[in-house]
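Sequential numbering of the sequence shown, starting at 56, is according to this note's numbering.
Quick caveat, the hints were computed from the structure, so don't treat them as lab data. Every residue, glycine too, gets a C-beta built ideally from N, C-alpha and C. Among the hints, a few may not be true.
[Unchecked claim] Derived DSSO-like pairs: lysine-lysine, alpha-carbon spacing no greater than 30 Å straight-line:
#1 Lys262 with Lys229
#2 Lys611 with Lys114
#3 Lys205 with Lys171
#4 Lys265 with Lys320
#5 Lys640 with Lys660
#6 Lys842 with Lys857
#7 Lys341 with Lys299
#8 Lys660 with Lys605
#9 Lys429 with Lys353
[As the list claims (entries may be wrong)] Ranges between beta-carbon positions, derived for each pair:
#10 Asn294 with Thr670: 52 to 60 Å
#11 Glu513 with Pro699: 16 to 24 Å
#12 Thr457 with Leu302: 24 to 32 Å
#13 Gly598 with Lys282: 43 to 51 Å
#14 Leu302 with Thr519: 40 to 48 Å
#15 Leu688 with Thr519: 24 to 32 Å
#16 Lys114 with Asp616: 33 to 41 Å
#17 Asn294 with Asp399: 21 to 29 Å
#18 Gly508 with Leu601: 37 to 45 Å
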Amino acid sequence: MGYKNHSYRKFVASAATATVVASAVTPAFAALPFTDVSGRYTEAVEYLVDNQITNGISKTQFGTNLTIKRVDAAVMIAKALELDTTNAPNAGFTDLPDRAVPYVNALKAAGIVNGKTATTFGSNQDITRGELAIILSRAYDLKGDVDNLKFTDVSDRYDEAVAALVDNGLTTGKTATSFGTNDPVKRGEMAIFLYRTPIDIEEPAVKSVKPQNAKQITVTFNTELNKDTLAASLFTLNNTAASKAVLSEDGKTVLLTFDGGAEVKDGVLVVNPIAIKADTAIKTAKYTSVFTYEDTVKPFVTGTSYSNGVITLTFSEELSEAPAVIRVDGTPVAAGDVKLNTSDKTKVEITKTLDAGDSASLYVAGAADASAAKHEMDLYNGSVSAPTTDTNKPHVTGVEVTGQNTAKVTVSEAITQGTVKATLQQGADQTAVTLVKDTTDASGKTYNLTVAGDLFSEDSTSETFTLYIAKDAMSDLSGLKNDLFQAALTFVKDAQAPVLASSKVTEGNKALSFTFDEAVTMSGSLSAIDIRNADGVKFTAKGGTLSEDKKTYTVKITDADAAIAAGTYTVSFPSSYFADAYGNKTAAIKDTFTIGETTSTDTVKPEASVTTAGTNTFKVTFNEEVTSSALTLSNYRLDGTALPAGTDIYFTDSTKKAVMIELPEGAINIGDQSTGAPAVLNVAAAADKAGNVMTAANFVVTVKDNTPAVVMDVKTVGTAVVVTFSEAVKVEGATAESAIDANDVFDIKVGSTTAEAGTVTVVSGNEKQVQFNLASSPASAPTVAIKDAQTALKDANGVTVK
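Sequences are here, hints too, so could you generate the full structure?
See the structure below:
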């Protein structure tokens, strides 16, 4: 039974056939890059861009409020109609640019447009709303009743066309009485007109299939499905039914989970007929897709929550391993307090008690997904908030620092505000900031924070602020409003240049690609790239493209779609060719590729393993000899940050297969002196003698606190002295029977005379302070200094205070 629904262009219409065969599944549409598109224009512009009807006037501007020329409007309409632009006769217009000739010819042949004269189209004139009405009514065969028109500015020439647009829902006019017939059309208006043109959807069918990760696939339909008849058994991959099928809120997309995995080579996905929402007697056509998929996506944290003594991390996909490293408020969490939820492996549960309304910082690393490659997550720095007593109110569930001046705030439910006013406070200084709704998050729960200006003083590498969201700043759809929220945010200055994480020859040996550990921009020209083969022949870079996430730069050295000839090629980029978003520039980069048959016997990238060789000392062992690139400190990061100044790095012997890294004193402030704490060491960009560059990898190492607490303040009231330290301290060995004398810990002087004092104890309620009493009231304020040989006063991790 055929199903025909006269609808509007709320999605991209596609002709569905019974069987679709594909060698790969392409990515879903990307978010718009345009900064001048928002609100009512967003879906319309997405439609034009996704269907390649038009692009912006630049990489970041669509030109929403700019008027559109007749020639550009004609090209858009011809593309939207998918007219035959190759066989149409010449329209005879002499004022058309070459790019527009086939499109205007096609429109003229179809009887949709005429010129201003027999030989001129009026290419560079702005198209008016009246002219566009005539063209669109002809293009889409729209009809309307002129008796319904209320506009006073529509003449007889335009009334039928304008009535057709109004009756078919394409426009309501400029005002209740004015259509704006002679007004020029703006690009944003043009997008909306085309987006609203009616279409016929002949058969309910599968629109697209997209693997999400190693176990999940999304199937999108061109109509809403009946959720009551939807079942996982209707979907099979290689004859195995899905274990779970979840329908999206809009009723058109199904998220499938296959316990056996979705990574396949020439896998066969079958979607059996499914009843649609409009009429359960009508079902979608049976759909079969043959595709190959290898998961290359890292898992990431999508949300945090807290309930009844448990912090829950929700990931973007199922995990095979729980995070190896978790810290809450900077304190390492024991492995026994971390659990991967067995019934929902996208969730990790951390046993930790928080008070109602409290916010705690989170550091998470080392989780791996369920793919064959076991992709490891990027480091996560965020927060979790314990809800107040009334959990029905909208509240912040997590805050994640995403850059040196950016953060992501997640709320418990969708709220009505597109922006939320907030405050950042540091000391007595307050800065007004705005949280902006992330329109790419369909849940409506994500808001982005960007702090303007330079947050860092001259020598500062990190700055901590308190984020405040005032009471009643957020309201949900029921009118409930939030309580006051506050959380600490630490922004870390990015002073690290991008690091080459991996490189490869693209499919078909057609180009060379370089992937960095962060998004990059290029400041150099193609001519600055030096490409030579093993015979010393120099090649010219024919083109360079940056991937959508701006992490991978691909260089072509052949014309058109030709493959690169077999051989060994060395590619060199000069220093400063690449830079990150904060202006950190790369050093010179050299990489070697082997393509096809070659006389070279070494085409394999080196691999590394890491062990903890001593206190804050790590041994990186390679499976072959590597070059001095392995001694470049910037090729290593600990917990996502550059190794500190003073780090010693060296080859252990002349074989150059092992590198020792020794961190300096004062580099680490977590981990006790017995078992230490886990941390993540990233190793990247080390190359072997043949020029093969390793793929960046993370390794869990053990670190121990080697940063002693220092005296921050000394206050005296009468005979009582209180000493404040930079971190929590303890008096080791002190008991009721055996107290510790303050004079054994401190050098206490009044003037030049040593002052006698009693026992030293930690101040109740403040572990950063200790107190003792002098034998008599001092004539002047005493000076208090730590004795070099003292061993009783230590920080919480057992490091002796100095």
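| field | Index of numbered hints that the structure contradicts, given in increasing order | value | Hints 1, 16 and 18 are the ones this structure does not satisfy, whereas the remaining hints hold.
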